[in-house]
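Number of protein chains: 2
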Amino acid sequence: MYRIDCLQFANWSERIFREMRDGGVDAVHVTIVYHETFQETVAKFSQWNRWFVDYDELILRGETAADIDTARATNRTAIFFGFQNPSPIEADIDLVEIVHKLGARFMQLSYNNQSLLATGCYEDEDPGITRMGREVIREMNRVGLVVDMSHSADRSTIEAAEISDRPIAITHANPHVWHPALRNKRPEVIKAVVDNGGMMGFSLYPHHLAGKSDCTLESFCQMVADAAETYGVAHFGIGSDLCQDQPDSIVEYMRVGRWTKGIDYGEGSASAPGFPPQPTWFETNLHFTNIEQGLRDVGFDETEVGAIMGDNWYRFFAENFGPQTS
Amino acid sequence: MYRIDCLQFANWSERIFREMRDGGVDAVHVTIVYHETFQETVAKFSQWNRWFVDYDELILRGETAADIDTARATNRTAIFFGFQNPSPIEADIDLVEIVHKLGARFMQLSYNNQSLLATGCYEDEDPGITRMGREVIREMNRVGLVVDMSHSADRSTIEAAEISDRPIAITHANPHVWHPALRNKRPEVIKAVVDNGGMMGFSLYPHHLAGKSDCTLESFCQMVADAAETYGVAHFGIGSDLCQDQPDSIVEYMRVGRWTKGIDYGEGSASAPGFPPQPTWFETNLHFTNIEQGLRDVGFDETEVGAIMGDNWYRFFAENFGPQTS
Numbered sequence: 001m002y003r004i005d006c007l008q009f010a011n012w013s014e015r016i017f018r019e020m021r022d023g024g025v026d027a028v029h030v031t032i033v034y035h036e037t038f039q040e041t042v043a044k045f046s047q048w049n050r051w052f053v054d055y056d057e058l059i060l061r062g063e064t065a066a067d068i069d070t071a072r073a074t075n076r077t078a079i080f081f082g083f084q085n086p087s088p089i090e091a092d093i094d095l096v097e098i099v100h101k102l103g104a105r106f107m108q109l110s111y112n113n114q115s116l117l118a119t120g121c122y123e124d125e126d127p128g129i130t131r132m133g134r135e136v137i138r139e140m141n142r143v144g145l146v147v148d149m150s151h152s153a154d155r156s157t158i159e160a161a162e163i164s165d166r167p168i169a170i171t172h173a174n175p176h177v178w179h180p181a182l183r184n185k186r187p188e189v190i191k192a193v194v195d196n197g198g199m200m201g202f203s204l205y206p207h208h209l210a211g212k213s214d215c216t217l218e219s220f221c222q223m224v225a226d227a228a229e230t231y232g233v234a235h236f237g238i239g240s241d242l243c244q245d246q247p248d249s250i251v252e253y254m255r256v257g258r259w260t261k262g263i264d265y266g267e268g269s270a271s272a273p274g275f276p277p278q279p280t281w282f283e284t285n286l287h288f289t290n291i292e293q294g295l296r297d298v299g300f301d302e303t304e305v306g307a308i309m310g311d312n313w314y315r316f317f318a319e320n321f322g323p324q325t326s
Numbered sequence: 001m002y003r004i005d006c007l008q009f010a011n012w013s014e015r016i017f018r019e020m021r022d023g024g025v026d027a028v029h030v031t032i033v034y035h036e037t038f039q040e041t042v043a044k045f046s047q048w049n050r051w052f053v054d055y056d057e058l059i060l061r062g063e064t065a066a067d068i069d070t071a072r073a074t075n076r077t078a079i080f081f082g083f084q085n086p087s088p089i090e091a092d093i094d095l096v097e098i099v100h101k102l103g104a105r106f107m108q109l110s111y112n113n114q115s116l117l118a119t120g121c122y123e124d125e126d127p128g129i130t131r132m133g134r135e136v137i138r139e140m141n142r143v144g145l146v147v148d149m150s151h152s153a154d155r156s157t158i159e160a161a162e163i164s165d166r167p168i169a170i171t172h173a174n175p176h177v178w179h180p181a182l183r184n185k186r187p188e189v190i191k192a193v194v195d196n197g198g199m200m201g202f203s204l205y206p207h208h209l210a211g212k213s214d215c216t217l218e219s220f221c222q223m224v225a226d227a228a229e230t231y232g233v234a235h236f237g238i239g240s241d242l243c244q245d246q247p248d249s250i251v252e253y254m255r256v257g258r259w260t261k262g263i264d265y266g267e268g269s270a271s272a273p274g275f276p277p278q279p280t281w282f283e284t285n286l287h288f289t290n291i292e293q294g295l296r297d298v299g300f301d302e303t304e305v306g307a308i309m310g311d312n313w314y315r316f317f318a319e320n321f322g323p324q325t326s
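Chains as they are written, first to last, in our numbering: chain A, 1 to 326; chain B, 1 to 326.
Here chain A stands alone, though its shape is the one from the complex:
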């Protein structure tokens, strides 16, 4: 049984890498970019290149699913890169292949706002995938850079699933029916993604949880059971959105970037602008065992628990990170 988390954005440190090991986490998809330009993104890759040397007893670079097996065999965690915004490719479709070569495996077509490719979930209007967006999806399909629509608006997400020749992902979100947050996904959106063979990772970020920081493990796991029942267990995994050790200035940067001189609270509010506290049962990489047990407690068998905790993502990584074959 693999244990894979398909979204984290920590303030990385040796302690967190050690927790990944102590928590038995085989692979993590880490966000390396929210709003950065291409050159700023290169600096992020470079930082990780240094960490892979400095902490080579704990982590290794993940480029294919096989790297996850190498990680298990050597008691390490494979780190896969992703972007929450297409800003690294700027207005240049040729940069899709360049960032894939540098290690990017997921790219959101939009963050909260309109991008050159698609619409974000905080815009009033969602015109769907743009002219450039159609071209970029085709290019992402070709090289094996997965379309991630976690922060995108509904129509854009549905169109992306339809346009993409390969499965797409919502790496970190929950069903809107369970908790009607702007970032959670309505049934027609989840259906479009899974009908295309795609996957969704369940988020543990409090704004995405029913009851927020007070959400219970039971409620979370029952939501997983309901989603698996409705759409099929093969389409789900974990994308915890864990943002460990980050100062609140980081969540402000995530929301505001450099697109406004004002302030935007995103999922927060003026009275609660910072990172919300995690539920006590999921605060670090040590806590995946809680979710595993919770899934058993709501009736999943061992194969299903394994599928959700990592086996589904392993299969998805194996099928979608290489060049298009047909």
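These are computed hints drawn from the structure, not numbers from a lab.
You may find that some hints are simply not true.
Treat identical chains as interchangeable: a pair holds within one or across any two.
Said to hold, decoys possible - 35 angstroms max Cα-Cα, derived DSBU-like pairs, lysine-lysine: (1) LYS191 with LYS212; (2) LYS101 with LYS212; (3) LYS101 with LYS191; (4) LYS261 with LYS191.
As the structure is a prediction and not an experimental result, all values here were calculated from the model.
Let chain A serve as the given structure and place chain B on it in line with the hints.
This is chain B only, laid out in the frame that chain A set:
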């Protein structure tokens, strides 16, 4: 009577600068960017910095309307900078003030495609001004960088006129009612711009002309008369879109940039992909006298001819290139 052309994109050379002088052109708004990043844009400013030294007997840097008077007094042409795409500010609102400081005076909120700010006229859908677009318009108003919607879609243009606290411009286009090209402007779009105190420059680019390369001077000038009659002569000038001495590879770059690996013919077609030939009565900066005479011939008096040939743009430049005062 001023003679001002509010859009040219030539393959600049001493010969063309001399033709500006021989044609009595006091000021030209030149496009320096179609799709360039910020750093590529800086290189364009730098190139002009060199030309202002190398050809200082012919041209000078235009930053305010007063520079046009300096140009006239010293028998030179004032060059004002503009962008046909907001790509130079990337995703960074602070770059608005930076590019203004470097000399930019017009910036289109979109070229043919969706941008981070607004929609281009070749997209199927036009959701209007984006969240970032609203912020950037406010910042452009503050510093005195004029919103240009020449290539934008209708709803985006109307919303930009409404959102902007200062007049906006369509620097180069014609009324759709005269020639129903995608790039020409429908009545409700022109009305929104002029109601906001804005201006439109009449284009001499053949794809924007009734009869294209065969358009007659009479037809063009009658169109000007009709527009002046409908909306008021104070709202119009010339924005010739003259692209002298450019190879056809340039029009391909203008259309395709780096947003697709395929080809897009824009206003052209597979059988006629290049720059179309200019009408014989407007091929160079020597030919503004033809338009001037043509305007007299359709009944404009001298004051009106002066207004259209440059006095209106002079007033617009004087009012809109400095910091917002209220």
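Structure-based check of each hint:
In this homomeric assembly, LYS191 and LYS212 come within 35 angstroms of each other (Cα to Cα) only inside a single copy, at 25 angstroms, whereas the closest approach across copies is 49 angstroms. Taking CA atoms no more than 35 angstroms apart as the test, LYS101 paired with LYS212 passes in neither setting, with 38 angstroms inside one copy and 46 angstroms between copies. Taking the shortest Cα distances, LYS101 and LYS191 sit within 35 angstroms of each other inside one copy (31 angstroms), while across copies they are farther apart (50 angstroms). In the homo-oligomer, the alpha carbons of LYS261 and LYS191 lie at most 35 angstroms apart only across protomers (31 angstroms), although the nearest pairing inside one protomer, at 38 angstroms, exceeds that limit.
Figure legend: structure checked against the earlier numbered hints; the only hint not met is number 2.
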